[in-house]
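Engineer: Protein sequences appear in the order of chains X and G.
Quick note: the first sequence uses this note's numbering, first residue 1, plus one each step.
Quick note: the second sequence uses this note's numbering, first residue 1001, plus one each step.
Simulated from the structure, these hints should not be mistaken for laboratory data.
There may be inaccurate statements among the hints.
Okay, derived cross-link-like pairs now, DSSO-like style, lysine-lysine, Cα gap no bigger than 27 Å in a straight line [said to hold, decoys possible]:
(1) G:Lys1295 - X:Lys155
(2) X:Lys51 - X:Lys155
(3) G:Lys1429 - X:Lys27
(4) X:Lys272 - G:Lys1429
Which stretches of chain X does chain G cover? Using the computed rule of at least three CB atoms under 8 Å from a CB of chain G, they are [as the list claims (entries may be wrong)]:
(5) 45-53
(6) 179-193
(7) 346-358
(8) 389-397
Derived DEER-like restraints, expressed as beta-carbon distance ranges [what the hints assert, rightly or not]:
(9) X:Tyr433 - G:Ile1418: 55 to 63 Å
(10) X:Ser53 - G:Asn1021: 41 to 49 Å
(11) G:Pro1057 - X:Lys374: 27 to 35 Å
(12) G:Ser1183 - X:Ile236: 28 to 36 Å
(13) X:Asn39 - G:Pro1057: 48 to 56 Å
(14) X:Gln336 - G:Pro1057: 51 to 59 Å
(15) X:Lys347 - G:Asn1421: 55 to 63 Å
(16) G:Leu1060 - X:Lys374: 55 to 63 Å
(17) X:Lys374 - G:Lys1175: 42 to 50 Å
The beta-carbon is built from N, C-alpha and C at its ideal position, and this holds for glycine as well.
Protein chains: 2
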Amino acid sequence: MINQMNIVIVGLGNIGSYFYNYLIKNKKILFNKTNTVPNILFVSAKSLGKKRSFKIPKKLWLKNCLLASKIKDVDIVVELIGGSEGIAKKLVFEALKNKKHVITANKALVAKYGNQLSKIAEINNVNFEFEAAVCGGIPIIRSIKEGLIANDISKIYGILNGTSNYILSSMDKNKLEYNNALSKAKVLGYAESNPASDINGEDVASKLKILTALAFNSFIDNKSILVEGIKNIDQIDINNANQLGFKIKLIGVAESDQNKITQRVHPALVEKNSYIAKINGVLNAVIVESDPVGKTVLQGEGAGPGPTTSSLVSDLCSILRGNVKFPFVLSDKKRQFASFANISNKKFSVYLRLDVKDIHGILSNITKVLATNKISVKRLIQNPTMNKKNASIVIITHEAKSSSFIKALATLKKKNYIVNNPKIIRIEKINVYR
Amino acid sequence: MINQMNIVIVGLGNIGSYFYNYLIKNKKILFNKTNTVPNILFVSAKSLGKKRSFKIPKKLWLKNCLLASKIKDVDIVVELIGGSEGIAKKLVFEALKNKKHVITANKALVAKYGNQLSKIAEINNVNFEFEAAVCGGIPIIRSIKEGLIANDISKIYGILNGTSNYILSSMDKNKLEYNNALSKAKVLGYAESNPASDINGEDVASKLKILTALAFNSFIDNKSILVEGIKNIDQIDINNANQLGFKIKLIGVAESDQNKITQRVHPALVEKNSYIAKINGVLNAVIVESDPVGKTVLQGEGAGPGPTTSSLVSDLCSILRGNVKFPFVLSDKKRQFASFANISNKKFSVYLRLDVKDIHGILSNITKVLATNKISVKRLIQNPTMNKKNASIVIITHEAKSSSFIKALATLKKKNYIVNNPKIIRIEKINVYR
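Looking at chain X on its own, in the form it has when it is part of the complex (with noise of 0.2 Å):
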C-alpha cells in the first residue's frame, strides 16, 4: 500500500502558483523523500478562471475555499491568502477545527491569532506550520524548533524584511533618496503596490512576535513591542552614518534579561565592517543566542515565491513524515505567561541628529539639556546646511536610558532654535565573528 495524504492549496498568487507547479513536478522526489505521496486535491483561489501560463485541471477546482475544512478526504490546507482576518482567517481557524494539518505563509495571521491555532492544532493532533511567515527560505522556526531544541536562548535578532533592507541598501549603494529607493524596490517587485507593512516596521514585528514565542517558551505578546519604520531615514542620516562608520539597517530584536522579554523593531546603526552591515538587498538573517550552543547565524534570501516554496514544502514534508509536533515547541499547557517589559530602561549609544538656526549659543544650550537627562556626548559634528542660516548637528551619545532620550527630545523639540524634528537612531553592537 501507498501512503498518500490529500492537499488543498488556497491563493493562487505568486507564491501560491509557484508552490503549485512545484508541487505537480515534484510529487515522485517528495515521495521517494517521505515515503508519503502528496496529491493536490484540490485549488482554490478567486481568480480561478482566470488565464495563466499554467493549467490547472478543471477537476481541481473549488469554488469555495471554505470546503476545504470540511472535505472529508482533504488532510492538508495550504493557505496562502493572506491578512490576519477575513476569508484566511476563517479558513484556518476552521481547518484546524475539523483535524485538518495547516500550512500557511500568513505572518500576521499568525502574529495575531497563534496562540489559539496552535492550541486547536494541539488538541487536534494535527500540524499547524508556519515556516514561511517568517523569512523566506531560511529554515529559522525549524531551527529553533528542531536543530536548536536543546538550548536556552537569551536573543534572537537579525534583519527579518527584504523590502526595506533593500530599500537602504539601495539609498546607501547608489546614492538614491528614499522615494526612489522605494519605487525602484517595486520596479523590481520587492516591494508591493502598498508597502506600507514593510516599511513601517510591522511585517518585521509579526515575525519578531513569532520568533520570540519559539524563543522563550512563551505566548505571543502583542503589546509590549516597540516598532520603528524606515520612512524617516534620509540620505543624510545615510551620509553621516557611513561617515562615522556605520550602516543604517532595519532589526527586529527580542532578548531576555532578568526574566523580562522585550521586542522592539527599530532603524539601527551598526558598525560598517560587522557582519549585519554587509547583509543587502533582499537578504535576511537572524542570529540565535542561546546555551549551550553559542552564536548561530542563518542567512538566506528572505521572500519571493522560490525560497517561500522551499519553506513551504519543508513544512508539507514534515506533515508528510508524520512529524506531529507543538506548533510553538512546547505544550500550549507548559507555555509561559511570560513577563514583557517595553524598554524605558534599558541602554543606548544614540545617533541624534538636530537642524537647528545657526545662532549663538545653541550648543551649549543644547548639551546642557542632554546634560539634564544624564546623557554625556561621546561625538559631535557640526555642518552647514544647504541653507546656510541653517546647521546640522550630528552628535554620538555614550549609554544612556531609553527613558532619558525620549526626555531630552521632548525638551528639545521645544527649542525654538530647532527646525526639523529632532531624529534619534539607535547604535546597535552586533557581533557575530570573533
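With chain X's structure known, arrange chain G on it following the hints.
Structural biologist: For chain G alone, coordinates are given in the frame of chain X:
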C-alpha cells in the same frame, strides 16, 4: 499514560559527560517539548569506576556496552566512543540490527559505514541520527534533511573543522608559526593530543562525504575525494596571502557539475573581505547553494561539548517525537550511485610559490614552463629571502586546469634552481553577500 524512551549512553569523555549531565538536568523540559520522557537507563564507559566531578548512580552502570543493543527495554543507543572501527562500529551495527534508534557523533564511522548503517536503520524502521558528527552545534544535517528538503542542491561548502581553522587564524592574527599555533590550540583544548585528522584534512573529508551524500541524494563515496591538509602552510604563505589581499582557509567543497560530483578538501586563498575570510577561531560555516531557495548560510560553533550536546539533543528529540525518517533524506532504494569525478579538469586560479636560487634567467624559464602548460600569469612578486642567495617568487595565475598545474609542478620540481618543493594553494571565490 506517560510516554517514555530508554536511553543508553556509551562513552563518557568530555562530550559524553556533558550530554549525561544535560539530560539529567533537562529531563522535564525535554518532556514538555516532545511529550516523551528521555530516561537514562544505562551508562557505559571504560572508565566507569573513575572519579569524576559528578556522580553516576551505580544502578546505571553497564559494564559491557555491547549489551545495550540486546536489552529489550533499551530504545535509544547514544554512541560517543569514536573511531570508525572496533567497539564503536560493533555497537552501532548491533544496535540498529536489534531495532534500537542510534545517535552518534562519530563522523569517521558514519563516513565509512554510513551506507550500510542507514540501510539497516531503514529496514528496521528506526532512526540513525548523526547531526553531531558534522560541524558541532550547527544544525546543518537537519537543515538539509528537513528545512531545505525542497531544494536541488548544486554546491555545499565551507569551513568544517574548528581546530585547523583556529590554527590558521592564530598564524594570521598572532603571527605564530604553525607549530606554535598548534601547541596553543592544544593548551586551549581546541586540538587533541593526536590532532592528525584535524590537520591532514581527514576530519573535514569525513564530514564532507556525509554532507555530499545528503546534498546530492547519493551514496557516500570514499574514493573520489581530494584531501590536502594545512601542514605545509607557513608564516611566509600567510604573509604573502595578506599582501595580496587574501586569507588562507581550509575548506571543504562538494559540487555537482554536468551530473558529476566532485569532493575536495584543501587550503585555499579567499578574499580578505569575503564572509568566509572572517570565520576565525573554532567557528564553522557552511554555505548551501540550491534551487529554488538560493544561497543559505549557517554559522556557529564547530566543536566542544556544549555545541555537540546541542546537536545530540536535537537528534534525541527527533526520536522522542517519533519523527522517523530516512537517515540520508532518500530511501536507500532510491539513492543513486552518482557519478563522481576527480578535479583534474576543474579550473582554478592558484597561488604558486617557488623558492629559487637567485640566478640569471630563472624567471624566463619558469614562465616558459607555465606557458607550455597553458598557465598564464596574472601577478608576480619576487622577494629576496633571508638567505640572500635565494629568492622567493610568488605567482597568482589566471584560471587553468588542475591537471596543468600538476604537470607544471612536476617539471619545475626537477629544475636545479628550485630550492624547496614548489607550493600551490588554490584560490577560491566565495561570496555570500550582494
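Engineer: Against each hint, give a clear statement of whether it holds in the structure.
Structural biologist: Status of each hint after checking the structure:
no. : hint                             : in the structure
1   : G:Lys1295 - X:Lys155             : holds (24 Å)
2   : X:Lys51 - X:Lys155               : violated (47 Å)
3   : G:Lys1429 - X:Lys27              : violated (35 Å)
4   : X:Lys272 - G:Lys1429             : holds (22 Å)
5   : 45-53                            : violated (count 0)
6   : 179-193                          : violated (count 0)
7   : 346-358                          : violated (count 0)
8   : 389-397                          : violated (count 0)
9   : X:Tyr433 - G:Ile1418: 55 to 63 Å : violated (39 Å)
10  : X:Ser53 - G:Asn1021: 41 to 49 Å  : violated (58 Å)
11  : G:Pro1057 - X:Lys374: 27 to 35 Å : violated (56 Å)
12  : G:Ser1183 - X:Ile236: 28 to 36 Å : violated (53 Å)
13  : X:Asn39 - G:Pro1057: 48 to 56 Å  : holds (52 Å)
14  : X:Gln336 - G:Pro1057: 51 to 59 Å : violated (32 Å)
15  : X:Lys347 - G:Asn1421: 55 to 63 Å : holds (57 Å)
16  : G:Leu1060 - X:Lys374: 55 to 63 Å : holds (57 Å)
17  : X:Lys374 - G:Lys1175: 42 to 50 Å : holds (44 Å)
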